[in-house]
Each structure stands twice: as C-alpha cells, then as structure tokens.
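K.L.:
Below, each chain spelled out in residue letters.
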Amino acid sequence: MPHPYRACLLLPVLWQAAAVCADEAPLADLTLEELVRLDVAAVSRKAQKLSEMPAAVTVLSAEDIRRSGARSVPEALREVPGVNVAQIGGGRWAVGVRGVEGRFSNKLLVQIDGRSVYSPLFSGVFWEALDVMLEDVERIEVIRGPGASLWGANAVNGVINIVTRKATVTRGSLVSANLDDQGRAVTAVRQGFDLEGIGALRVYAKGSELERSRAADGKSDLDRNYGWNTGFRMDGAGSGVDAWMLQGSSYRRTSVENIQTAAAAGYGGLLPLQFEFEGSSLTGRYNWGLAGGEASVQAYLDHQWANVAAYGKGTVNTADLDFQHRLVPSGRHEMMWGLGSRYTQTEIEATTAVLGITPPRRQFRVMSAFVQDEITLVPQTWKLTLGGRFEYSSTSHFEPQPTARLMWTPTLADSLWASWSRAARTPSIGESDATILFGLQATPPGSPFPAVAMVSQPGAGWRPRAERLDALELGYRHNLGNGSFEAVVFHHDYRRLISGTTGAIGPGVVPIPVVPYYAPIQYMNRGNVSGVRSTGLELGLDLPVTANLRLQASYTVMDTAARRSTDPITTAFGRALETSSPHHWATLHTLINLGRGRELDLMLRRMGAIGQGDVPAYTSVDLRYGWRVNRSFELAVVGQNLFDPLHLEYVSNFFPGQPAYQPRRGYVQGVWRF
Amino acid sequence: MRRLFLIAVLVALGLGGLLAVASPPPGEYQIKAAYLLNFARYMEWPASRLPGGAALRLCVLGRDPFGGALTSLDGRQVNGHEVRVRSADSLELAMECHIVFVSDSEERRMGLILRGLALRGVLTVSDIDGFAEAGGSIGLVTEDERVRFDINQASLQRDSLRASSQLLRLGRNVIGTKGP
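Chains as they are written, first to last, in the working numbering: chain A, 27 to 700; chain B, 25 to 204.
The reader is advised that the hints may include incorrect statements.
Partial pick of chain B residues on the chain A-facing surface, computed with a CB cut under 8 Å [as the list claims (entries may be wrong)]:
| id | residue |
| --- | --- |
| 1 | 57 |
| 2 | 113 |
| 3 | 135 |
| 4 | 200 |
Facing chain B, according to a computed beta carbon distance under 7 Å, are these residues of chain A, among others [unchecked claim]:
| id | residue |
| --- | --- |
| 5 | 53 |
| 6 | 54 |
| 7 | 56 |
| 8 | 58 |
| 9 | 61 |
| 10 | 62 |
| 11 | 65 |
| 12 | 194 |
| 13 | 315 |
| 14 | 320 |
| 15 | 352 |
Distance ranges between label pairs, derived from CB positions [as the list claims (entries may be wrong)]:
| id | chain 1 | residue 1 | chain 2 | residue 2 | range |
| --- | --- | --- | --- | --- | --- |
| 16 | A | 668 | B | 68 | 56 to 66 Å |
| 17 | A | 426 | B | 196 | 46 to 56 Å |
| 18 | A | 698 | B | 196 | 16 to 26 Å |
It is worth saying that the hints were derived from the structure and are not from the lab. C-beta atoms are modelled at their ideal positions from N, C-alpha and C, and glycine is treated no differently.
If we strip away everything but chain B, and leave its shape as in the complex, we get (with noise of 0.2 Å):
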C-alpha cells in the first residue's frame, strides 16, 4: 500500500514536469481576439462616453487567456481610435474600459461584474456560458468548432451602445429585440 502510494506521487511528479514543458495551442483565443478588435469596430458609443480620437480602451478582467494575442493589439487603429490594450486588476478600473473581456476565471462573480458595469457604456465580453443571457452585452460560444457570438440587445440599450446591422445580422442569437 505505502510502495503504491509512493508509486503514484512519483507518476504524479513525473507528469506535472511532462506538462509544465508544453504549453497549450492557442488557436481559440486568437480567434477570441480578433473577435474583439472586430467589435470594436462595429459598435458605436455615445460621444460623450468615447470623443472622436480618444483612445478606445480594451481591458480584461481576471486571468488573461489570450497568452499574448490581445497585447498583439495594442496600438491598432479602430474608427480613428487607438486601440489600448491592458489589464484591469479591479471593477473600478474596468468601469473606465469601453470594452471589459470578462475572463472565465471571474465566473463566480460574473453577476457581481454584470451590475457593477451596468450603465457606464462598457461593452462587456465574456466566453462565461450563458453570458449574454445573465445580462452581459456578447457572449463568445463555441458551436460546431467554430467561435459564433450572441448578443443581448437589450444590455446594448440600455448602455446606449449601438451595434451595427451587420453584427446583429452575424449573431447566433440577438437576445432582447422586440421586432425591428
């Protein structure tokens, strides 16, 4: 019993070093943020909220699952706006964002995030299940291996955000519309 043991903390040892020598393949997520630079620019804040030649503010909350391909973004330029990409460490500081990715980390507290944001013109984005439907603006959902996106209209709204025909016309569900 005690060899057995001893057995399986050396198999265990073994394939933790195994794994911290590969890292994962970051397909999806490069996708994700190309998803994001794409919002960016098929989505319209109020002036006030984003002067024309501000800069647009892209930020994610908790863990950052892009591994590099968000920060690739960096200084991109959207509509006349630069793109600024980093990291925000609290709520209050994401409430400065124009778009919040809200990692999957965050899931625990995503109705706590959802309510905090509210109102401020935040675009929030998350591949959290159900995310649009818990009241967020997008929701990423990988479907049929391939990233689609549902959007809740009435969040956008209520933001005061516009989202353009071709991304309502793209959504895999727009949630909250109450006819044209």
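This is chain A alone, in the form it adopts within the complex (with noise of 0.2 Å):
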C-alpha cells in the first residue's frame, strides 16, 4: 500500500514542509497496525519535564547518560550549564554548581530516590564513595539556585536528585562489563523478578575498581580506588492509585591518594593516605491519595562509616521521616506543604594533631515545614510562586527560607521568569567543632624555625550559624518541542560564610623531623566571617539538526568577587573562594545517528583556567562509538581526552593533595540485556 504521508515524515527539516501535512491530518486515517509500525522522523527530547517550572533545571534522561559515555554520575553532570565538573583524581571529583565550591561543594544537595548522600561531617559529598549503578537511573535532575524551598537546607546553590527506575520496569536481566585501555574492569549485574499480585523486585550488584591518575611526569600512577555496591528496589504493581516502594542498598570503597608536604629545610614528600568507606541504607516510601490531593510519606535510616588511615574514623547514622501532601487545586491556588524530622547521631575518633574532634559524640535533630502555593494570576500566562521553609535545628538558629517566582508564558514556546530566593547551610560538624593542620608553611631564611603549622580551630566563643544567600534569577526559555534553548542569569550574594580570622601563635607544637624537631602553631580562628558575591549567565541549547544529527551546547560565564577583609586570613579564604572555579566553560555534544543501530558522539569541553592550585585551562575531545548489534546486546567504544596526552583539572582544596594529571583513556562496554 503507498503511503502519501511519508513524503511529510521524510521532510522534518523542511518546516513549512511540515506544517502544511499538520493541516492535512493524512495519519488520522491509519490503521493501529499501520501506527505501531511507523518510523518516527524525528523524536523528541522527554528532558525537558519540568520545562513549566520557573527554575533553571535541566533533567538528564538515561538517553542522555547514556550517549555521554559516563561512568559515573560527575561525569555525566559536565554537560549541564551552570555545573562545574573537574576530576581531582580517580573517583574523586569536584562538583559545584554556580562556583563557590571545592571537593566539598558545601552549598549543593544531592540525593538518590529522595535519600539525601550530603554528609553532615565535612558538609558535602563523598564522590569517592558514591558508585551509582547508572544503567539503571531514569534521570538526574539538576537543580541550579536554591531549591530550599521545596529541598531543604543545603540546597543552596542547587540540588542534583538521581532517581532510579522502577523495579516495575526492571524485570528483566542486564549484564554490564566495561574494560578500560589500563586493564581496570567494571561489572554491574541486575535481575529483575515480578512478584506476581505485589509489583516487582529487582537485586543488584556492581563491583569496580577505576582508573588511575598520573603524576606530572605522565607516568607513574599515584591514586586507587576500588570496592562494590549491592542493592534492591520494590515496587508496588501500578494498577492502583497508590504506590509504594522499598529499596535498601550498602556499599564499601577504598580510595587512596598522595598527600603533598610542604617541603620545609629537606622535610616533606608524598604521604600515602588511605580512606575507607562503607554504609548501608533503607529508603521506604508511599503514596495515597488525601482530601481529594496526593500525600506521600518517606522514611530512611542510614548509617556510614569512614576511617582517614591512622588520623581518624566516624560513624554517622541518620533516620529521617518525610510528608508532603498536593492539594487539590482550588480557583487559581495549587498548593503543596510538608513536615520533616532528621535526627543524625555522630562518633568520631579523631585525636592527632592532624585531625582533632571534641566533643567525639554529636547528636543533631532538625524539624522543617515547607508550604508552596502556585497563583495563575492569567490562565497560561502569568503564575506567581510563593513559598517558605522553615527550619528548627538543634544547633543553628530558626532560619526563615522564602522564595518568590513569577513566570510569564506569552506564547506556547517561550517562558521568562524572575525569582528571588533566600537560602541557608547549616554549619558542618568539620566546621563546628575539629581541629585541623592545614600544613605546614616555610617560613623566610633566618627565622628560627623552618615552618610554621597552620592548624584551623573554632574561635573561642563562636556559636556557629548557618551561611546565607540571597538569590536573584532572571531565565528565559524557548522551546523547540524537539529541543530547547535557555539562558539564565543569577546574581548569588553570600553572607555569613564560615571562614578563618588570624589566631594566636600557640599554645603548642606540631613535631617534625628537622632541626629544632618543632614547628610552633599559627591558629586560624574559625568563624562566619566572610561574604562573597556572584553574577554569571549559563546558556543551554539542544538542537535537532536532522532527524539524524542532534547538537547539545552549554557555556557558562561567571564571576565572584569576595568582600574585602583587614585580616590577611580571611582575605586569603576570600581569594581561594573567587578562584575556585574557572571563569567560563563551554561544551559541545554532536549526536550522530549513524543508522541501522550505529551512533557516533563526539563530545568537546573548554574549561577555563582554575586560579587556586595554578590549574591550567584546557580542551578536552572525547569520542564514543555506539552499537545496538540486536536487541539484547549493546555495545560502545569510548575514547575521552583524545588530543591531550595530559591535563590537570583540579587540586584538591582540602587536603594538600599531589595534583592528579588525566591521561588520554579508552574503554570498551557491552551491555546485555534478556
């Protein structure tokens, strides 16, 4: 049978083409069996879901992790605008959004399926310990700005959530092995079992060691790091209304890396250091519907363990019960609120001179509300979001976090939005209450000491109290249906931010192994001392070219600027803030269909310098090589750093690690799936 409409299908370029077959409807007239047998020209993008949201957010599809070539999440954020990405070495990675950061990007949340990996001791994330089995996760969503609001505290530059499928849609089998160009291998297996009249479960397994990084002869290999995760999802059969879910997971990883001395009189030298992790948790969760709205509850207990080789180990285990409830819109008003209750308990043993915590045993109780109340002030054209969080916590003041949002749709394509956001951290244990040798700094020739020590401590009398910002984005977004363009501006301004003022000299000595065999103590006093303000535009465009050729794009540009300060720590603090994150970046994804089950992506990132550790800019092509050979089996040839033999991307800010240097890679995957 000829078929007059697919001389319409054929034409997805040609949009006048197009249209004119919109009006014509000839498709209306197919047969379902003729439907389900038609090739789409060109499909759509399902990232842009929360695309009505007046937010910059961006949702990365398992589509899109997948043709990026990632291997772990970090790796698959560095397309996102807005989303600074740099390696610190194997497995360890620096992820900020919107600058003002470091390998603890203390102002990001991040959470897998609604339970929250922020890790309360150093206020940030252990990418180190964090091995997601990605071919399972259906999307990540990324958060740029505070999401506190709805999110909580620590949500203040953003909030990344990874969210896994449902074990409903995981029956089956998959097998994953990827073996890269140093030999490394990594093997993930899942088995999906339906659980007849219940839902369905799923179990998992993924054991890893990754690759290492050189040092700047390019040759030797300087970090580690290896271990295994284990997991299940279940869910409840979707035929109902309500749903519900269960999943449990525990994990342990080794990593290992060098830590650099300061070479004082002939001392110094690379230090091995050894970090430990293991941690289980179980995440429960379930909805219903109330009042005519939905409601749902979530509950997980979690507890993590870490050892810092000889220097010191913890244990922090957290419970957390979670409400929220979406009532029925009524007139203009749609309007969402929520109770939270977290009680964390933390044991450090932590008493050298390197790292000391008084007192070892912590106990925190944090209670929150949240209400939102989305206004139409015009049907499909003006909305106004308002809302707040409220936050009680057991160790910082209460902290009000409002938000407002307005959101102007003039036509069915385009969106521009305006909001302004107050967001608070709540202050770290690390911060609170250790003890840290930051190093040792040489001092000038004929001072009676080689080196000073450079130990941070609470100032005397501190009460801690939570960072600040202050908020304002401007966001404009045009859809294409097909794909996208965005653009949107922020001015951050920080107060309160936790710094160091210069201490006393003394009380104590830190020994070493030269001539007087004592370094004498330089205290940093810790404190909220310090304010930073930042102003940047981060542009997003997905472009479908061809139904066969696709080009994603980002560039981001920022700036930030610390307030000045008479004392010569503080400023310091200030200037590693403003350099902590390069001044601009860009990134360039083709995607190429190649046909018959063949993809080609070609990957290019410009990444500006980074002032603090003299990091460099640098350029970076990475290439993958698709092939769904049938059904069942898939596989991908990837090479990344292609025209590089070598390059740094960041120097570790919290401990004086040896700089990490990326070597040009490769690896191969294979994917089954029965």
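Could you use the hints to bring the two separately framed chains together as a complex?
P.N.:
Okay, here's the thing in structure tokens:
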C-alpha cells in the first residue's frame, strides 16, 4: 500500500512542508497496525519535563547519560550549564553549581531516590564513595540555584536528584561489563523478579576498580579507587492509585591518594593516605490519595562509616521522616505543604595533631516545614509561586527560607521567569568542632623555625550560624518541541560564610623531623566572617539539525568577588573562593545516528583556568561509538581526552593532595539485557 | 571579563532570535494524534457514560503539544460518535471528557490527575514516562524510533472501559492482566 504521508515525515527539517502535512492530517486515517510500524521522523527529547517550572532546571534522561559515555554521576553532569565538574583524581571529583565550591561543595545537595547523600561531617558529598549503577538510573535532575523551599537547608547553590528506575520496569536481567585501557574492569549485574500480585523486585551488584590518575611526569600512577555496592528495589504493582517503594543498599569503597607536605629544610614529600568508606541504607515511600489531593510519606535509615588512615574514623547514623501533601487545586491556587524531621547521631574518633574533633559524640535534630502556593494570575500566561521553608535545628538558629517566583508565558514556546530566594546552610561538624592541621608553611630564611604549622580551630566563644544566600535569577526558555534553548542570569550574594581569622601563635607545637624538631602553631579561628558575591550567565541549547544529527551545547560565564577584609587569613579565604572555579567553560556534544543501530558522539569541552592550585585551561575531545547489535546486546567504544596526552583538572583544596593528571583514556563496554 | 559577559549575552540573544524563527518538526505528535483517534475507535465506554450518538469528547490537559494536529480531528466520526476536541483548563473540566491526553507539562501533577480521573470512565493517555505503570490507562512510548503503547488493563477494568482484543494485541506491554 502506498503511503502518501511518508513524504511529509521524511522532511522533518523543512518546517513549512511539515506544516502543510499537519493541516491535512492524513495520518488520522491509519489503522493501529500501520501506526505501530510507522517510523517517527524526529523523536522529541523527554528531558524538559520540568520546563514548566520557574527555575533553572536540567533533566538528564537515561538516553542522555548513555550517549555521554559517562561511567559516573559527575561525568554525566559535565554538559549541564552552570555545573562545573572537575576530576581531582580516580573517583574523586569537585562538582560545583555556580561556583563557590571545592572538593566538598558544601552548598550542593545530592539525593538518590529522595535519600540525601550529603555528609554532615564535612558538609559535602564523598563522590569517591558513591558508585551508582547508571544502567538503572531513569534520570538525573539538576536544579541550579536555591531549591530550599522544597528540598531544605543545604540546597543552597543547587540540588542534584538521582532517580532510579522503578522495579516494575526492570523485570529482566542485565549484565554490564566495562574494560578500560589500563585493564581495569567494572562489572554490574541486575536481576528483576515479578512478584505476582504484589509488584516487582530487582537486586543488583556492582564491582569496580577505577582508572588511576598520573603524576605530573605522566608515567607513575598516584591513586587508587576500588569497591563494590549492592542493593535492591521493590515497587508495588502500578494498577492502583496508591504506590509504594522499598529499597536498600550497601557499599564498601577504598580510595588512596597522596598528600603532599610542604618541603621545608629537606623535610616533606608524599604521604599515601587511605580512605575507607562503608555504608548501608533502607528507604521506604508510600503515596496515597488524601483529601482529594495526593500525599506521600518517606522514611529512611542511613548508616555511614569512614576511616581516614590512622588519623580518624567516624560513624554517622541518620533517621529521616518526610511527609508531603499536594492539595487539589482550588480556584487559582495550587498548594503543597510538608513536614520533615531528621535525627543524626555522629561518633568520631580523631585526636591526632592532624585532625581532632571534640566532643566525639554528637546528636542533631532538625524539624522542618514547607509550604508552596502556585497562583495562576492570568490563565496560561502569568503564574506566581510563593514558598517558604522553616527549619528548626538543634545546632543553629531558626532560619526562614522564602522564595518568590514569577513566570510569564507569552506564547506556547516561550517563557520568561524571575525569582528571588533566600537559602541557608547549616554548619557541618567539621566546621563547628574540628581542629585541623592545614599544613606547614615555610618561614622566610633567618627565622628560628623552618616552618609554622597552620591549624584551623573554632574561634573562642563562636556560636556557629548558618551561612546565608540571597539569590536573584532571571531566565528565558524557548521550547523547540524537539529541542530547547535556555538562558539564565543569576546574582548570588552570600553572607556569614564560615572562614578563618588570624588567631594566636601557640599554645602547642607540631613535631617535625628536622632541627629543632618542632614547629610553632599559627591558629586560624573559624567564624561566620566572610562574604562573597557571584554573578553569571548560563546558556543551554539542544538543537535537532536533522533527524540524525543533534547538537547540544552549553556555556557558562561567571564572576566571583569576595568582600574585602583587613585580616590576611580572611582575605586569603576570600581569594580561594574567588578562584575555586573557572571564569567560563563551554561544552559541545554532537550526536549522530548512523543508522542500523549505530551512533557516534563527539564531545568537546573547554574549561577555563582555575586560579586555586594554578590549574591551566584545557580543551578535551571525547569520542563515542555505540552499536546496538540486536535487541539484547549493545556495545560502546569510548575514547576520552583524545588530543591531549595529559591534563590537570583540579587540585584538592581540602587536603594538600598531590596534583593528579588525567591521561588519554579508552574503554569498551558491553551491555546485555535479557 | 565584563567584555566576555557582554559577548555571551549578545550570542544568547542572537541564538534566541534564530530559534524563534524555526518551528519544530511535528512528526511525532501527528502520530500520537492518530493514535488518540484509534483509541477512540477500539475502546468501548459504558452506555451510561457515552450514549449512542453522543459526542465523544477528546481533551488535552496541560500544554497542547500537538500543534494543530489534534484540532484537525475535530468533527470526525468514530463508531457513530462525533469527536469534539478541546482543551481542559482544569481537572474538573477533564472529568467530563471521554479521553484525556495528559501533556508532559503536567508530570508533577500526574498522581493528582490520575486520582481525580479514577472511577469516572475517562480513558487517560499520556507520553509521560511510566504513565501506564503509575495507573494511567494508556502510556505512549517511543522506542526504536517508533511510537508504541502500554495498556494498564487493571485501570481500564476499574473504570469499566473495554479495550478491543486488537488493541490489547498491539500493545507493547499489557499491565495488570491475570491470565485470559
């Protein structure tokens, strides 16, 4: 049978031709059998699901993650505008949203299926301990800017939500094997089960040893990262309106890096430092109808253990309970509210001169409430969102976190939004209680001591307060149906940032192995003393050029300025924040479908220089060739950093780690689904 | 730095202008509109819900992604019913419809919508990921560059809707069936 509509579908780029077809709607006469066999000219991306939100949101779909060739969550985030991803070493990453960051981007909240993986110990995420099975990730949502009204304190600069697939859609088996050019393997296995009448279950396990980084000479390896994780997820059958989910996970990971101690009078050098991480968690969630609306309750238990060589070890146990209720829309209002409660207990053994934390045992309680109202001012055109989160914590003051967002949608494809929000970040245990040796600083010649030890401690009588951010954002989004363009301008004003001021010299000394065998201590007293402002622009483009060629590009430019201080240590801290991320960076991803299941991806990335650690600018080129051999087997060959033998991406600002260079890499991956 | 910023803003405005001229290729949603008409053909409503000769209301809830492909179906005849296409501005209005296409702009409210439309004899269709799994009647999925559909038989039975055997046979997945 001849198909008159074919011509229309084969000309997706000739918009006018396609529009003519739309008027005629010849497809409507097709039967179901014909429809299911019909090829789609251009498939729209299901990524802009949150595009109706007046916020800077990017959603990475499973397909985006697969095509990026990423083997870890940070790698997958590299192409999101406003997100700066830099590899510190094997498995170690600095992931920051809108700057003001470091190895522990303490203003970024990361969640896996609603469970926070943000560590209260150092206010950040131990990316080196987080090995997610990407094959079963459904999407990653990245919300830039304060998301506090919905996600809570610490969602200051942004939120990263990792959402895994429901067990009801992973009923089969999956084996994924990955081998890199250094001969290290990553293997993941998943098995799904149908629980007759109840729902579905999947169990999975993943083991990996990650590629090592190189020293500046390009030859010797300097770090290691290996471990395993395993878990399960169970979901209720999706026939009814109520839904439930239960999942658990366990992991163990070891990460080894070198600490570089300052060479003073022949003393110094590299010191291997081994981190060990273990943890388990159990999360349950239930959704049901309540008063015409929809409610959900989620609870989780989380246990983490970490050991840092001989310097310290600690456990963190968390119990969290959350309730949310979306009310049935009434008139112009669409309300949502929720309550949350979290209990955290920490026990840390660290009493050396390098790291000391007192008191060793602590407990925190956080109670929170949020409310949000989406008000339709003019149907389909103007929408105002007002929200606020109120948090009471046993460690800091009452912190109201309000937000106001206005969205204007003049046409079906364009939306313009503006927002003001205030967010707060609770101080970590490390910040409120730790005494940390930052390093030895060489003294000028002629001094009686070859070096002074720089030690950070809580300032006398300091009552830690939450850091505060006021953020203004202006965004524009153009929906291409098949693609999108987005531009966001932001201005962030941070106050009460925790940093140091110059303290006393002594008491106490730190032993060193050269004459006179000790170094005096220069204390740095921590307090809420710094202020920083950052302004920037984020651009994102997803452009379908033809049915088989798509371009995705991002560009971010940002400027950070710290408030001046008369104190040299506060000034140095401000300078470190100003220079902790590049001024601008850009990515370009070309996706080509070669037909018959073959695909080619070319990824270009240009990162500006980072002042802190003297990291030069670099350009990297990655290439991916994927082949879906048949319905159950898929093969990919990936080459990373192809035209640059070695580059440095970041120097850890937390420990004085040895700079780790990233060499040219390659890997082969096979995924079987059956 | 300031100059770079300015250049970036200009580039952004330029790109925005360029994109405003180009409109999206509609292929996928033309096919989805054709599916909706076919679902009307192969689905049976209780006579109390859709009396013989009455108009069959086909509604879009949320932002209309069809770009005219659906409104062109307005006035067609299906099994002796005239199809009336309209957009439902609220959940209350959607309850009056026989087929409701839930636009992906409504993903955040999906649970709320499904609860509101349950037990009202409404066939819910959407291309939101996991729609049929979450309790919707029919979920449209794009797979291997073809549009397929999943049917949630349990929700159809709950709403006293009857899908023809042909519809069930062509579905990619049929959820909630316990034997024949």
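K.L.:
Now tell me if each hint is right for this structure.
P.N.:
Outcome of the hint check:
Of the supplied interface hints, the one on residue 57(B) holds, with its beta-carbon coming within about 7 Å of a beta-carbon of chain A, less than 8 Å. Below 8 Å, beta-carbon pairs count as interface contacts, and residue 113(B) has one with chain A at about 6 Å; its hint therefore holds. The restraint placing residue 135(B) at the interface with chain A holds, with a minimum CB-CB distance near 4 Å, inside the 8 Å limit. A distance limit of 8 Å between C-beta atoms decides the matter here; for residue 200(B) the minimum to chain A is near 4 Å, and the interface restraint holds.
Taking 7 Å as the C-beta contact cut-off toward chain B, the hint placing residue 53(A) at the interface holds, the least distance being around 4 Å. Nearest Cβ of chain B to the Cβ of residue 54(A): about 5 Å, under the 7 Å cut. The hint holds. For the restraint placing residue 56(A) at the interface with chain B, the shortest Cβ-Cβ distance is roughly 6 Å, inside the 7 Å limit, so the hint holds. Of the supplied interface hints, the one on residue 58(A) holds, with its beta-carbon coming within about 5 Å of a beta-carbon of chain B, less than 7 Å.
Restraint check, residue 61(A) versus chain B: the minimum CB separation of about 6 Å is within 7 Å; hint holds. Look at residue 62(A): its Cβ gets to within about 5 Å of chain B, closer than 7 Å, so that hint holds up. Satisfaction of the interface hint for residue 65(A) is found here, the shortest Cβ-Cβ separation to chain B being roughly 5 Å, below the 7 Å cut-off. Annotation: residue 194(A) was flagged as interfacial toward chain B, and the flag holds, the nearest CB pair being 5 Å apart, inside 7 Å.
With 7 Å as the threshold, the beta carbon of residue 315(A) comes within range of chain B, its nearest partner Cβ sitting at about 5 Å, so the hint holds. This hint holds: residue 320(A) has a C-beta 4 Å from the nearest C-beta of chain B, less than the 7 Å allowed. Checking residue 352(A) against chain B: minimum C-beta separation of about 6 Å stays under 7 Å; hint holds. Remark: the range hint 56 to 66 Å for residue 668(A) to residue 68(B) is upheld by a beta-carbon distance near 59 Å.
Remark: the range hint 46 to 56 Å for residue 426(A) to residue 196(B) is upheld by a beta-carbon distance near 49 Å. Between residue 698(A) and residue 196(B), the C-beta spacing of about 21 Å keeps the proposed range 16 to 26 Å intact.
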